[in-house]
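Participant: Just so you know, the protein sequences line up as chains A and B, in that order. Numbering follows the working numbering, with no gaps: position 95 of the first sequence is 95. Numbering follows the working numbering, with no gaps: position 258 of the second sequence is 258.
Wrong hints could be hidden among the right ones.
In silico DSBU-like cross-links for lysine-lysine, where the CA-CA straight-line distance does not exceed 35 Å [said to hold, decoys possible]:
#, chain 1, residue 1, chain 2, residue 2
1, B, Lys151, A, Lys390
2, A, Lys253, B, Lys174
3, A, Lys253, B, Lys202
4, A, Lys175, B, Lys151
5, B, Lys218, A, Lys237
6, A, Lys399, B, Lys174
7, B, Lys151, A, Lys237
8, B, Lys174, A, Lys396
9, B, Lys228, A, Lys396
10, A, Lys104, A, Lys40
11, A, Lys390, B, Lys174
Hints in this document: simulated from the structure, not taken from any laboratory.
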Amino acid sequence: MPHQLRPLLAIAVLALGLAAHAEKVTITVSSFPDLDRGAKAAIAGFKKLYPDVEVKLSSMAYPDHHTAMTTALATGANLPDVMGIDMGFIGKFVESGGLEDLSKAPYNAATQVSRIAKFAVPAATSSKGALAALPVDIGPGALFYRTDLLQKAGVTEAEMTKSWESFIASGIKVKASTGAYMLANATDIKDIYIRAGLKDGEGIYFDSKGKSLVTSERFERAFDLTRQARQAGIDAKVNSWTSEWSEGFRQNKIAAQMMGAWLSGHLKNWIVPETTGKWRSAQLPAGAFASYGGSFYAVPAKAANKKAAWDFVQYLTLNRDQQLTAFRNMDAFPSLIEAQGDTFIDQPIDFLAGQKARQLWKVAAERIPAVVVDRYDSVATEIVGAELDKVLEQGKDIKQALADAKSGIERRVRRK
Amino acid sequence: MNSSTSPWRHPRKWAPYLFVSPFFILFGAFGLFPLVFSIYLSFHSWDPAAGLLAMEWVGFENYLYALQSDDWLRASLYNTFWMALVSGLPQHLVAMPLAYFLHSSFGRWRNAVVGTYFLPFITSSVAISLVFSTLFSRDFGIVNALLASLKNAPLVGALMPASNIDWAQPQYTKWMISFVVFWRYVGWNVVLYLSAIQTIPKDVLEAAVMDGASSWQKFVHVVLPLLKPMAFFAVTLTIIGNLQLFEEPFILTNGTGGIDQAGKTAAMHMYSVAFTDGDFGTASAIAWLLFMLIAAATWLNNRLLGQRD
Numbered sequence: 001m002p003h004q005l006r007p008l009l010a011i012a013v014l015a016l017g018l019a020a021h022a023e024k025v026t027i028t029v030s031s032f033p034d035l036d037r038g039a040k041a042a043i044a045g046f047k048k049l050y051p052d053v054e055v056k057l058s059s060m061a062y063p064d065h066h067t068a069m070t071t072a073l074a075t076g077a078n079l080p081d082v083m084g085i086d087m088g089f090i091g092k093f094v095e096s097g098g099l100e101d102l103s104k105a106p107y108n109a110a111t112q113v114s115r116i117a118k119f120a121v122p123a124a125t126s127s128k129g130a131l132a133a134l135p136v137d138i139g140p141g142a143l144f145y146r147t148d149l150l151q152k153a154g155v156t157e158a159e160m161t162k163s164w165e166s167f168i169a170s171g172i173k174v175k176a177s178t179g180a181y182m183l184a185n186a187t188d189i190k191d192i193y194i195r196a197g198l199k200d201g202e203g204i205y206f207d208s209k210g211k212s213l214v215t216s217e218r219f220e221r222a223f224d225l226t227r228q229a230r231q232a233g234i235d236a237k238v239n240s241w242t243s244e245w246s247e248g249f250r251q252n253k254i255a256a257q258m259m260g261a262w263l264s265g266h267l268k269n270w271i272v273p274e275t276t277g278k279w280r281s282a283q284l285p286a287g288a289f290a291s292y293g294g295s296f297y298a299v300p301a302k303a304a305n306k307k308a309a310w311d312f313v314q315y316l317t318l319n320r321d322q323q324l325t326a327f328r329n330m331d332a333f334p335s336l337i338e339a340q341g342d343t344f345i346d347q348p349i350d351f352l353a354g355q356k357a358r359q360l361w362k363v364a365a366e367r368i369p370a371v372v373v374d375r376y377d378s379v380a381t382e383i384v385g386a387e388l389d390k391v392l393e394q395g396k397d398i399k400q401a402l403a404d405a406k407s408g409i410e411r412r413v414r415r416k
Numbered sequence: 001m002n003s004s005t006s007p008w009r010h011p012r013k014w015a016p017y018l019f020v021s022p023f024f025i026l027f028g029a030f031g032l033f034p035l036v037f038s039i040y041l042s043f044h045s046w047d048p049a050a051g052l053l054a055m056e057w058v059g060f061e062n063y064l065y066a067l068q069s070d071d072w073l074r075a076s077l078y079n080t081f082w083m084a085l086v087s088g089l090p091q092h093l094v095a096m097p098l099a100y101f102l103h104s105s106f107g108r109w110r111n112a113v114v115g116t117y118f119l120p121f122i123t124s125s126v127a128i129s130l131v132f133s134t135l136f137s138r139d140f141g142i143v144n145a146l147l148a149s150l151k152n153a154p155l156v157g158a159l160m161p162a163s164n165i166d167w168a169q170p171q172y173t174k175w176m177i178s179f180v181v182f183w184r185y186v187g188w189n190v191v192l193y194l195s196a197i198q199t200i201p202k203d204v205l206e207a208a209v210m211d212g213a214s215s216w217q218k219f220v221h222v223v224l225p226l227l228k229p230m231a232f233f234a235v236t237l238t239i240i241g242n243l244q245l246f247e248e249p250f251i252l253t254n255g256t257g258g259i260d261q262a263g264k265t266a267a268m269h270m271y272s273v274a275f276t277d278g279d280f281g282t283a284s285a286i287a288w289l290l291f292m293l294i295a296a297a298t299w300l301n302n303r304l305l306g307q308r309d
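Isolated chain B (complex conformation):
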């Protein structure tokens, strides 16, 4: 071989591939392979404790079972959408005006305040859920203690329940979980919207003030439309995240999903099918059904909020 064309003499030829390869190797092993394997698995019936050779081809049976006969899947999908909506809408409806307020009214303290709002997002969701499950304890929780003390307040007192709320009851479980999820992510959305507001050119806002716009009118007619691209991004993330909700409901209901499966989300159901029922094939089928739902929701979001070029 002519030594001057040997690759060892011209490292530039393979160097780029070498530098890029760590990502692709890791992605291939931990990202791509499990993805493809789970598609493969969803067409089989497999009890993992029996070993790799115990897989049996069943075709679409897992998908048909999940769609037709699994009533807990239907209940969990309803719960997931309910909680996604009830925790997702306030996340954005509160974050947008809050970001604007922080942008316009806070000077030196803005970063500290934004940091405080952002803190729940970077804290472990398991730790948050454990603390909140203590706060929501029926007999010893602070939330119930607060509500009890409010009973003596002039107006609100009449609305307060007569005895301690049992948050584990099905009619309250979803509200409790949605509140915790909302509390966790509202700061993240504030940061996103704040960064979007900071890109709005100052002269646009000044022009609005010169035209006699009040602070509220400025917000609704100038800032909001310009936030649309960021809203599209943030809402997409919320859809994807909320439809995969797992840690908060899992810990707040002690892994059971609550009375009457009120707090069971689709991801929790998939987990229990895999590890309690020992049915990895159906769990993979549920995972891919969930993927199709999230893809559909994201497509819908794109139609509503996406950029028209």
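With the rest of the complex left out, here is chain A:
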């Protein structure tokens, strides 16, 4: 073959090859464990509907992922096409203005929003009314307790959950007869109480004008109940996810835990698999309904392949089969209401001694108030938590602590 013809031939073959691939679009999906398991499971089903789209999934540890996404939004470089966001960070990202408003054309998600669990949508809505993300799973709050320990103390479930005072009194009984703590940490009570009794459209820490609400009666009572629980000696003073916490379960030292419904999966899989059948799930005490976590998917405004990205987000969040797959495989409670109605929720759960707990969680999901998020929620969480520590550990006066929290938040927030 003549000398000059070979490179020309190579270029021609390359060009043909490129032309053949010209229709294929590759989208990058950025997520974090365990949310990425849902995305991975979705790829096969998605490919059947959209064979021309390649999905590349990248996953980073929870805090690293959100820091990386912050950086990517800041510079507009290295943005994924589909971004997974956790409830803890959703306020910040949604307010940033760097995510596509999915209620506008060509997405028009506003018409689909009624198919999603009501309380999860405001979290994804910015203060200007832009729907910046769609919920993909929710965490209805539940109370998990050890039936054998409660039985030994002669405490019934109704007695435990009637009111917060009866909850603390039950805790004292349990401690006296079995030596087990009712709570891993008294601060769990604060976390639930500040969310309880809110109505749709209210914020936890800030009102609609951005004024901090931490000196309200709701916070005072939350701090007071927490202090009562600590002083009654019914909490183990351990933080969630530490080795003391999981050991507490293993050594039968913690009788109950309030957390998202997904905790049953963790308890069964790695924390205390040997206690199968000894647990039961109840609604949170005193008629409280709260959500623990929840995840979202969004499309960045500067993403390269927005159309394909939106198709994938729709598949993850609004496709009944995919929501059910995630539900069955990962116990990720679906945000799509029609997926919640599947017969899967009527199945008994072995770990909970055959209780059909998913029905309970569905009821909880329907009654959780649609709380509004604020971009400074993470700042307020940090400061209120720090002040509560001082109340519990150093005997600080509650009113003073909340006043200090308010001034601390106002200083750090410095609204313009």
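Put chain B on the given structure of chain A with help from the hints.
Facilitator: For chain B alone, kept in the frame of chain A given last:
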């Protein structure tokens, strides 16, 4: 153009610049640019999630806020100086006699022993902090188990606490972190001082022995003064490193800074202002305030220990 003066014919003219350029390009992109950008940023208010165009000029407001209204900055600066001192002083006070002891008493085993002391320094600080946070666990940690077993010892037993120490309590947090930092860097200082001692001429030490000096007197009157230049260098590094303490307190307090911010250092506070508050402008201002403090401390060290020529 006359081909004999064309640069392509005389590569020697631009070759030096070409060889030196990789460093300058990398330094410019990853060293100089972020430095200058952060000065620029400290005069703006910027929420990074909103994109580059969202920067707003605010002049000195970030600096004034950090100095006047940020009580967590003040607390974190106090913590930083406290831990810098409590972990820094023992690093040197233990390293100097230890280096001398290793130099004079260990023969064949010296390098192995020095290597063992140096190991913590080359191990990842994150890995060390993770392991130590398990060791210091309140109910299941080895440290508390050790202290509990010492309760039965004759003399020390009386000093031991009655129940397991909760190292997360504010009065213990700083000691825990300072210990880990001390443990990590004492080997590095031993290596530095050992190398300095090895440069001391043998006849100086022999002269001291002939004058009747004991081992201790040799150390205090001959070796220590000659270690001063190395001490100046090592202390400068300790000042700069300890005032920027981040990884150990961050991991040991799970990123929170501990109860009552007892373990929060200035670098941790700067990080939380940037990523929790989403306020990169104030975080940059704090970074430059920290720089000025470190520069002042280094200048002070220079006055105390520096060479007078």
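Participant: Given the hinted pair Lys104(A) and Lys40(A), is their Cα-Cα distance within 35 Å?
Facilitator: 28 Å, holds
Participant: Are Lys399(A) and Lys174(B) close enough, with their CA atoms no more than 35 Å apart?
Facilitator: 29 Å, holds
Participant: Taken at face value, is the distance from the CA of Lys396(A) to the CA of Lys174(B) at most 35 Å?
Facilitator: Holds, at about 21 Å.
Participant: Please work out if Lys218(B) and Lys237(A) have their alpha carbons no farther apart than 35 Å.
Facilitator: Judged against 35 Å, a Cα distance of about 54 Å means the pair is violated.
Participant: So if I understand the rule, the pair passes when the alpha-carbon distance is 35 Å or less; does Lys390(A) with Lys174(B) pass?
Facilitator: 17 Å, holds
Participant: Mind checking the alpha carbons of Lys253(A) and Lys202(B) for me, to see if they're no more than 35 Å apart?
Facilitator: Violated, at roughly 65 Å.
Participant: Between the alpha carbons of Lys228(B) and Lys396(A), is the straight-line distance 35 Å or under?
Facilitator: Violated: Lys228(B) and Lys396(A) sit about 49 Å apart, past 35 Å.
Participant: Next pair to validate is Lys151(B) with Lys390(A); report whether the Cα-Cα distance is within 35 Å.
Facilitator: With a Cα-Cα distance of about 30 Å, the restraint between Lys151(B) and Lys390(A) holds, given a limit of 35 Å.
Participant: Run the distance test for Lys175(A) versus Lys151(B): straight-line Cα separation, threshold 35 Å.
Facilitator: Within the cut-off at roughly 28 Å; holds.
Participant: Given the hinted pair Lys253(A) and Lys174(B), is their alpha-carbon gap at most 35 Å?
Facilitator: Distance ~29 Å between Lys253(A) and Lys174(B) Cα, so the pair holds.
Participant: Below or equal to 35 Å on CA atoms is what counts here, so check Lys151(B) against Lys237(A).
Facilitator: With Cα atoms ~24 Å apart, Lys151(B) and Lys237(A) stay inside 35 Å; holds.
Checked against the numbered hints above, the structure breaks hints 3, 5, 9 and satisfies the rest.
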